[in-house]
Each structure stands twice: as structure tokens, then as C-alpha cells.
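Undergrad: Sequence:
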Amino acid sequence: MEKYKEYKDSDIIWFNQIPKHWETFRFIDNVYLKHGYQFRDYDFTNEGIRIIKISQLNPKGYLELEKSSFIDAKRLDSFKSIVIQKGDILMALTGGTIGKIVRVDEINEPLLQNYRVGNFFPDKNKLDKDFLYFLLSSKLTKEQIDYLLNRNGQPNIGKESFKSMFFTLPPIKEQTQIANYLDAKTKVIDQKIKLLQQKIIHYKAYRKSLINETVTKGLDKSVKLKDSGVEWIGEIPAHWEVKRLKSLGEISTSSVNKKIEEDQKMISLVNYTDVFKNLNKEIWNNFNFMRVTAKANQIFQKNLKKGDVLFTPSSETAEDIGVSSVVMEDLKNTLYSYHLLRLRFSQEIYDKFKKYMFNNDFVQYYFSKSAKGTTRKILGLNDFNNLQIILPNSVKEQQQIADFLDTKTSTIDKIVKNIETQISTLKELRKTLINEVVTGKVKVVK
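Oh and the sequence shown: position 93 is 93 in the UniProt record's numbering, straight run, nothing missing.
If you are wondering where the hints come from, they were derived from the structure by calculation, not from laboratory data.
A couple of the hints might just be wrong.
What the hints assert, rightly or not - Estimated spans, in silico, between C-beta atoms of each pair:
| id | residue 1 | residue 2 | range |
| --- | --- | --- | --- |
| 1 | Y203 | L76 | 32 to 38 Å |
| 2 | V223 | D41 | 44 to 50 Å |
| 3 | T374 | N156 | 44 to 50 Å |
| 4 | H202 | N382 | 37 to 43 Å |
| 5 | G229 | E64 | 38 to 44 Å |
| 6 | K305 | W14 | 56 to 62 Å |
| 7 | V188 | N288 | 38 to 44 Å |
| 8 | Q38 | K369 | 49 to 55 Å |
Stated by the list, open to error - Below, in silico cross-link-like pairs of lysine-lysine (DSS-like), each with a Cα-Cα straight-line distance of 30 Å or less:
| id | residue 1 | residue 2 |
| --- | --- | --- |
| 9 | K277 | K431 |
| 10 | K100 | K217 |
| 11 | K159 | K100 |
| 12 | K427 | K185 |
| 13 | K187 | K258 |
| 14 | K217 | K124 |
| 15 | K173 | K187 |
Remember, predicted model here, so these are calculated numbers, not experimental data.
Every residue, glycine too, gets a C-beta built ideally from N, C-alpha and C.
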């Protein structure tokens, strides 16, 4: 892309030079920021008019309405001033996703603006609204927000913050031209990203189905099958067994917490996240475990040996409860936390097969339907002990299945990682394109 013919020095620290015919402006002089209403818990109902909170602003640039809060539909007339309109530009003004932007492209029902969601209205004589959207989406805006947050030490921005923000501004006709250009270009990039994301969904679904099929049917498709006796599993190879978990070993809880006490010994601690976020489902000595202290009896009883399996017995939702990882070697001076359960086997099972025998849809289905609780789902020891496991009789067959799945899933994971890299590159290209165009570093040619 070409540059403008002439540039001039800027008196704003955020710009070295700007196109000669552009101006700098203080944001708040040309844009009105409207806050929403601070709804309280007692305002909310089970249905009615949706409230757009920060959580409804998806970082990908659209409104996510599925988990909205509501107020009584009869109160709509009282909140006409904060009814969101098509074309509105909304921003998160607080929290970990502060500065995320959504342009409302479609509205099919009344939506109300919550307090810490900002809505921006430009001076129509000076500022094109679509240009404003891209301006607020730029790296320049993020940098200024980050600067103001660091300076003030508060994770909030508002009207006072925007008084300290400055931008460059081309003539309004050129703004419209720039906005149209960026609309077209970003839509092309967004479509490419969407297609790549669909590929990831496809590969992940294939990965999951491959595991489900292999751990219930094996590798030899010619073997005789029998009814497993488990409704949600169906048929399995005739020479395989279905066993309850309590017959395979012992499930144990832990009382080791995350504290350091003077009269106790320092140890490494495997925590909930070490299992829950463990994509490979394997735990090794070289992990960066938390350092805490433990009592002598805890060190003796709650250690971790090669072949142990750790489970997460609680979660915010039933859909992701009972995640497990396998301890692949004796862990030196390492215990497991009170947020986990340990399964220690009493019979030989190939260690890498354990990754797949527990992390599949059939086990997950059992755990999700067994979980109890409202605000947080919990599985008890009986839930684990009564889990029915499908098991090939021979360790050799277990190894063949594990080796096959390791190879296949590793290939799929590499493909997914490559696609994710492509998506990251496209997202960065999108950000760079917007920033360079709205700051005048490059010129949009008709």
C-alpha cells in the first residue's frame, strides 16, 4: 500500500507524523460516551428484556445473547434512553477484557445497556461512525487505554479517561472512504478466519470420535462383539471386560492445602489446574509445580507413583467434570492437593491407555449425569467407585490401542496447531491493517 505524499509533525506523543491534511483531536471533544444503567440483582427476572453486560460483548465483535440477564418487559418504557440500536458501538469499560469493542450489526429484540458498557456517539459533522468503530478497534486505542490504566492503577475507564485520549482525523469524506475500505478488507479476513475455525471444529470432533470408537471397539474391526450391559456404551469386543472402578484400584482424597507452615516439610504440589488444563493428559517430574509444605503423614500417604491417575471431582458445570491425567513416572517429593482425587491401581494396565480409558465421551457422560450441586458440581467417591470401565484383557492390546491413538491424535493436534497459527497471523494482520490506515501510515486508494 502507498503512503501519503506529505506528512507533518504531530504535537501528540502517540504520533510521530500524520498526513499533512489530517488533524489531531481530543477524543471527548468529538464523541459522546454514554454509560448504561446500573441494574441490581433485584431487578432481574427469568425472562423479559435482555440486559447487555460486558460478558455479552464477544471479543470477536458480536453480541452473545445466550446467557443474558433479563428485566420485566413491562419496564421497557422506563429505560428508553439506554435501548441499544443497530449500528451502536459498545465497549467494555472495566474488567479483564476492558476495551473490547462490538459494533451492533443486527437487532431482533429490545436490548438494554448495562452500566459498565459504554456506547459511543460521534459528532456527525466531524466524525463518520464507521470510521470511529475502526478507530476504537485499533492498537492505538488499546495502547492509550493501557497507558491510562497503568497510570491510574484502576481497571476502569470512563469519560474522564477519554478526556486524555487523542487521535488523528482526516476529512469526513476520506473517513467514509477509509471505513468502507476497512469494512471490505476485514470481512475478507474474518471469513478466512471463520473457515479456519470451522476446520478446527471438524478436526477436534474427528479426534474425539476416533478416541470414542477405538476405546469401545478396538483396532480389529473383524472381532466378535457382545453387549456391554451399559446402556450408553453399546457393544464391545467379546473378549473385553466391563469392570467397576473400585475393582481396579483405590480412590483416595487428600488434605494437602496450598499453605506453607514453619513446622512442616517443603514439597511440590499437583493442583487442580495441573490436571484440568493438561492437554496431553500426562504428568511428569519436569512440570512447574507449586511449592508448599505438608505433614509427615501426608507425605507418606498422598504421594504420587508411576501409573496413578488424578481426577478433578468438581467443576462449575457438569460438562467438564471428572477430567483426568496420568502420572507417567514416580514424582519425587510430590503430593496431590485436596481439590483432586487419586486412583492407585491394584492390577496392571498400560499407563498411556489410561489417558484414553477415562477421557472419552462415555466416561464423561457418566460423570456429568452423576454430578450433584447447584453453584458447583461435585462427584463423590461412590460416583467414581461405581464408574464402569471398558477394558481389553491383555496389556499388549491396551498398548497397541494407546500407541495408535497417540500417533493419530498427535497428527491431528499438529494440524490444529498449524491452523491456530494461521488464525493468529490473520488476526494480527487485521489489527495492523486497521491501525496503519486509521493513523494515516498508509493511504487508501480509491
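Undergrad: Decide, hint by hint, whether the structure agrees.
TA: Hint check results:
1. Y203 with L76: 32 to 38 Å: Violated - the Cβ-Cβ distance for Y203 and L76, about 45 Å, lies outside 32 to 38 Å.
2. V223 with D41: 44 to 50 Å: violated, 58 Å
3. T374 with N156: 44 to 50 Å: For T374 and N156 the Cβ distance comes to about 31 Å; the hint is violated.
4. H202 with N382: 37 to 43 Å: Once the Cβ atoms are compared, 38 Å apart, the range 37 to 43 Å for N382 and H202 holds.
5. G229 with E64: 38 to 44 Å: holds, 42 Å
6. K305 with W14: 56 to 62 Å: Distance hint for K305, W14 holds at roughly 57 Å.
7. V188 with N288: 38 to 44 Å: holds, 41 Å
8. Q38 with K369: 49 to 55 Å: Cβ of Q38 to Cβ of K369: about 39 Å, so the range 49 to 55 Å is violated.
9. K277 with K431: holds, 29 Å
10. K100 with K217: Not OK: K100 and K217 at ~47 Å, beyond 30 Å, violated.
11. K159 with K100: Holds, at roughly 16 Å.
12. K427 with K185: holds, 12 Å
13. K187 with K258: Cα-Cα ~48 Å, so violated.
14. K217 with K124: The hint is violated at about 66 Å.
15. K173 with K187: holds, 21 Å
In summary, the structure is inconsistent with hints 1, 2, 3, 8, 10, 13 and 14 from the numbered list given earlier, while agreeing with the others.
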